[in-house]
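In order, the protein sequence lines correspond to chains A and B. All the letters of the first sequence, read from the start, carry residue numbers 0 to 331 under numbering that gives the first Met the number 0. All the letters of the second sequence, read from the start, carry residue numbers 0 to 331 under numbering that gives the first Met the number 0.
Just so you know, the hints here were simulated from the structure itself, not pulled from any lab data. Each hint can be trusted.
Since the list can't tell identical chains apart, any single copy or any two copies may satisfy a pair.
DSS-like mimics (lysine-lysine), calculated; alpha carbons at most 25 Å apart, straight line:
hint : residue 1 : residue 2
1    : 40        : 101
2    : 153       : 187
3    : 151       : 187
4    : 221       : 233
5    : 101       : 296
2 protein chains.
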Amino acid sequence: MATIYEVSELAGVSLSSVSRVLNNHEHVSEKTKIKVNAAMKQLNYRPNSIARSLASNRTDCIGILVSELHGPFYGDMLTGIETQLRAAGKHVIITAGHSDEKSEKYGIDFLVNRKCDALILLVDAISDQDLIELSHESTPFVLLNRYISEMKEKCFYLDNILGGYLATKQLIEQGHKDIAYISGPLKKQDATERHEGHKKALAEFNIDYNEELLYEGDFLTKSGHEGMTYFIEKQLTYTAVACANDEMASGAMKGARDHNIAIPQECSFIGFDNVFFTEYLYPQLSTIHYPITDMAKMSTQWILKNIYKKDISNIQNLFIPELVLRDSVQSI
Amino acid sequence: MATIYEVSELAGVSLSSVSRVLNNHEHVSEKTKIKVNAAMKQLNYRPNSIARSLASNRTDCIGILVSELHGPFYGDMLTGIETQLRAAGKHVIITAGHSDEKSEKYGIDFLVNRKCDALILLVDAISDQDLIELSHESTPFVLLNRYISEMKEKCFYLDNILGGYLATKQLIEQGHKDIAYISGPLKKQDATERHEGHKKALAEFNIDYNEELLYEGDFLTKSGHEGMTYFIEKQLTYTAVACANDEMASGAMKGARDHNIAIPQECSFIGFDNVFFTEYLYPQLSTIHYPITDMAKMSTQWILKNIYKKDISNIQNLFIPELVLRDSVQSI
DNA sequence: CTGTTAGCGCTTTCAT
DNA sequence: ATGAAAGCGCTAACAG
Numbered sequence: 000m001a002t003i004y005e006v007s008e009l010a011g012v013s014l015s016s017v018s019r020v021l022n023n024h025e026h027v028s029e030k031t032k033i034k035v036n037a038a039m040k041q042l043n044y045r046p047n048s049i050a051r052s053l054a055s056n057r058t059d060c061i062g063i064l065v066s067e068l069h070g071p072f073y074g075d076m077l078t079g080i081e082t083q084l085r086a087a088g089k090h091v092i093i094t095a096g097h098s099d100e101k102s103e104k105y106g107i108d109f110l111v112n113r114k115c116d117a118l119i120l121l122v123d124a125i126s127d128q129d130l131i132e133l134s135h136e137s138t139p140f141v142l143l144n145r146y147i148s149e150m151k152e153k154c155f156y157l158d159n160i161l162g163g164y165l166a167t168k169q170l171i172e173q174g175h176k177d178i179a180y181i182s183g184p185l186k187k188q189d190a191t192e193r194h195e196g197h198k199k200a201l202a203e204f205n206i207d208y209n210e211e212l213l214y215e216g217d218f219l220t221k222s223g224h225e226g227m228t229y230f231i232e233k234q235l236t237y238t239a240v241a242c243a244n245d246e247m248a249s250g251a252m253k254g255a256r257d258h259n260i261a262i263p264q265e266c267s268f269i270g271f272d273n274v275f276f277t278e279y280l281y282p283q284l285s286t287i288h289y290p291i292t293d294m295a296k297m298s299t300q301w302i303l304k305n306i307y308k309k310d311i312s313n314i315q316n317l318f319i320p321e322l323v324l325r326d327s328v329q330s331i
Numbered sequence: 000m001a002t003i004y005e006v007s008e009l010a011g012v013s014l015s016s017v018s019r020v021l022n023n024h025e026h027v028s029e030k031t032k033i034k035v036n037a038a039m040k041q042l043n044y045r046p047n048s049i050a051r052s053l054a055s056n057r058t059d060c061i062g063i064l065v066s067e068l069h070g071p072f073y074g075d076m077l078t079g080i081e082t083q084l085r086a087a088g089k090h091v092i093i094t095a096g097h098s099d100e101k102s103e104k105y106g107i108d109f110l111v112n113r114k115c116d117a118l119i120l121l122v123d124a125i126s127d128q129d130l131i132e133l134s135h136e137s138t139p140f141v142l143l144n145r146y147i148s149e150m151k152e153k154c155f156y157l158d159n160i161l162g163g164y165l166a167t168k169q170l171i172e173q174g175h176k177d178i179a180y181i182s183g184p185l186k187k188q189d190a191t192e193r194h195e196g197h198k199k200a201l202a203e204f205n206i207d208y209n210e211e212l213l214y215e216g217d218f219l220t221k222s223g224h225e226g227m228t229y230f231i232e233k234q235l236t237y238t239a240v241a242c243a244n245d246e247m248a249s250g251a252m253k254g255a256r257d258h259n260i261a262i263p264q265e266c267s268f269i270g271f272d273n274v275f276f277t278e279y280l281y282p283q284l285s286t287i288h289y290p291i292t293d294m295a296k297m298s299t300q301w302i303l304k305n306i307y308k309k310d311i312s313n314i315q316n317l318f319i320p321e322l323v324l325r326d327s328v329q330s331i
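Please put together the full structure from these sequences, using the hints given.
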């Protein structure tokens, strides 16, 4: 592998000149530029990014930490980030935190040691406190899907309360009064907020909140199925089920079908997130759109602006969910 | 950020000694080990991976190039690789090639420049020839979901012909004789092979292959829908549809339902890949299991063995697909 | 077992 | 506009 030194020799210029054309510095004569480029081509020169990083203390890499690499939600997010960053000539290093505190910390450590210029974090096991401390350290970072008031300008988050509210409100407006709710783990911020929105809608329409109609799942399909089975076996009264995400909604729908409950004729369903497979379900799932791709892109914009000093305006931190109507809700 | 130099000073030993304990070299006295570790802790020392890579010419990073970051298939693959590698203390740099030749080449370039120790490539736009040439260059790599005879020990691939065969055979055994086929892009190896398997099954049961019943899609949901619509509008005769992947199968099923065709009573469906959402579909989709996670892990094993000289045996290159029976095929 | 020394390939002052 | 020289933080012979 040719080095910058060999290039300089072949081109008959100094190291520095080669480095300058490499980095598009101004104040380089057309002549040397041409000589250097020719030499590079001839030697099939490829800059060594490691050496460059060591010398410049910049890696052009953004570290991404997501909970999981699979799953529709994270996939869309990663794609959003990667396309933006690539367009800006920056790169991503991706790692997974598996919603486990140790694992998340390990992942952050790795990315920091890797000398990423900045991080985009989607974490839910690490505490606010740890994150705030981390923000005083070297590597800057932004938070996706999380709000911490002490560093709110670096948070990109959804109005989850509004989302939960919109879902239940839609159900109510279609005539439903007895609404079961399958929640995410209530120790997680987003799960709590969505549930809060649900209760807010009930309150607004003077419907008493019934604790019995709450099932706490874990955001995975299976727990949706379990929740639905639980409601059915307890023989509770309800005409609709609101779910804190689409995976659980799909599980719940399957649970209903296992018991020969017609959807939406006998029971309506609404999800949350609007992941791609909501359209594949039968009936197609009404849900709340979570603009994760836009949010991922926005967090990237923040980094481009603040870390790489690109000229970018209109940074938006709060995102608004929207109702998506499909076929899983019946008017009664 | 403390450097190795400061550590050596505080510990009262030389640079090399610090480096040695850092790298778990043998021949270091317990005493210095303790001194050094204490100094490291006191200074909150973190090794600079960039400097280390430059000096050692090793990054402990594996570059991954996939077509897309989203989608069930790639997600499972990435998870398989990342967990394996992390367990071995290695790391991944992930980038996307978008099934576009330029983009794939650019991605490989990036990973090579980044000095990855090895690459895992899932590419379908780059030619065999280019890949063979690349294999003569510096960074070693393996290929997922692709077979090139010149480098077959570095290929990890599925018997797609068998998969296509199994799917159609299942349909035939359930009494279907007129079987429509929605294929992937026939310029792609896996699409062709799956289709070949389909024809092989027909031939084995003495069923004439009917060119009219072939629709060439692009592996995406929408083209499955289009294919089904095409068959319906042409008013062709068929009792079952075999699809070259699950996404297209889901689209096709939706197409059937749009025309009030009962599934599976009036038309049976079978997919390919066994991605997670096949269970969410209604009816649940019968399909061919593609052990992508296992394959991804195996490719990782190859790297651990050949690049990092770990003691690993039983490297397997060819993987066998399996029929997964659910509810989308009706016996007639 | 430990220390000395020479780089790894590049960026970046500072002169010229 | 260009060149010389000093590192970036670490590893890896080599010598002792």
